[in-house]
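Chemist: Below, each chain spelled out in residue letters.
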Amino acid sequence: GAVVSQHPSRVICKSGTSVKIECRSLDFQATTMFWYRQFPKQSLMLMATSNEGSKATYEQGVEKDKFLINHASLTLSTLTVTSAHPEDSSFYICSARDPGPSTDTQYFGPGTRLTVL
Amino acid sequence: QKEVEQDPGPLSVPEGAIVSLNCTYSNSAFQYFMWYRQYSRKGPELLMYTYSSGNKEDGRFTAQVDKSSKYISLFIRDSQPSDSATYLCAMTYVGAGGYNKLIFGAGTRLAVHP
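Going down the list, the protein sequences come from chains A and B. One point on numbering: in this note's numbering, the residue at position 54 of the first sequence is 54, and numbering is uninterrupted. One point on numbering: in this note's numbering, the residue at position 18 of the second sequence is 1018, and numbering is uninterrupted.
Please note: incorrect hints may appear among the correct ones.
Derived pair list, reagent style EDC-like, types lysine to aspartate or glutamate, alpha-carbon separation capped at 20 Å [said to hold, decoys possible]:
(1) B:LYS1056 to B:ASP1078
(2) B:LYS1101 to A:ASP98
(3) A:LYS41 to B:GLU1003
(4) A:LYS64 to A:ASP98
(5) B:LYS1056 to B:GLU1045
(6) A:LYS41 to B:ASP1066
(7) B:LYS1042 to A:ASP88
(8) B:LYS1101 to A:GLU52
(9) A:LYS55 to A:GLU22
(10) A:LYS41 to B:ASP1007
(11) A:LYS66 to A:GLU22
(12) A:LYS41 to A:ASP98
(13) A:LYS41 to A:ASP88
(14) A:LYS41 to B:ASP1058
(15) B:LYS1067 to B:GLU1005
(16) B:LYS1042 to A:GLU22
(17) B:LYS1002 to B:ASP1066
(18) B:LYS1056 to B:ASP1066
(19) A:LYS55 to A:ASP65
(20) A:LYS41 to B:ASP1078
(21) B:LYS1002 to A:GLU59
(22) B:LYS1101 to A:GLU59
(23) A:LYS20 to A:GLU63
Covered, in the sense of this in silico footprint (three residues per stretch, anywhere, with C-beta under 8 Å from a C-beta of chain B), are these stretches of chain A [claimed, not checked]:
(24) 32–44
(25) 105–113
Source of the hints: derived by calculation from the structure; they are not laboratory data. Quick caveat: nothing in here was measured; it's all calculated off a predicted structure. Every residue, glycine too, gets a C-beta built ideally from N, C-alpha and C.
Please work from the sequences and hints to get the whole structure.
Modeler: Structure below.
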């Protein structure tokens, strides 16, 4: 099956710093990747849709200047949390869309746990 | 009212039991229906996807969709302790740009005890 990796798996940072999370599709080209956030015991909430070579599309209520997304190649999207604060602490998960012949499914990375002190 | 409703549980069953997990939805525009399994501190893993009403079977798992009732189910036969996880239903809709986006249910936490 399709494999998506994320790096780092866990990061702890001080308030005010910026953190970059990488999402890679390892065995297929993904023109579209998605970034989700998941708080403890809650479901995944879509933050933004990342398209290769164009600007990301953000969901309502997500600050685009705070969560910078870059999708420079067909296998890599990055999410940068700028000037992180404790309320940004969460589990960030990316997915890559694999537009197969009969399905249009998303394959998820293992997630990145961000803790802002 | 949420677009996708899913009982968060927790659901605790003995090993070997048949597990029934359910979601209801309100938007008739949803196209694909999926079930994901998520272990603690891990990303979701796609278990099954369906498009039309009816049943789809894969090993011990059966996905059922009833579009007329806007109701989907996942059945797990002969449940094992390794099935203990959170199960998320998800549905796709066409977002801006013409591609499918996923909307998730809250997830049901399942514990299978020996």
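Chemist: Going through the numbered hints above, which ones does this structure break? Give me the numbers in ascending order.
Modeler: Result: hints 4, 6, 12, 14 and 20 break, sorted rising.
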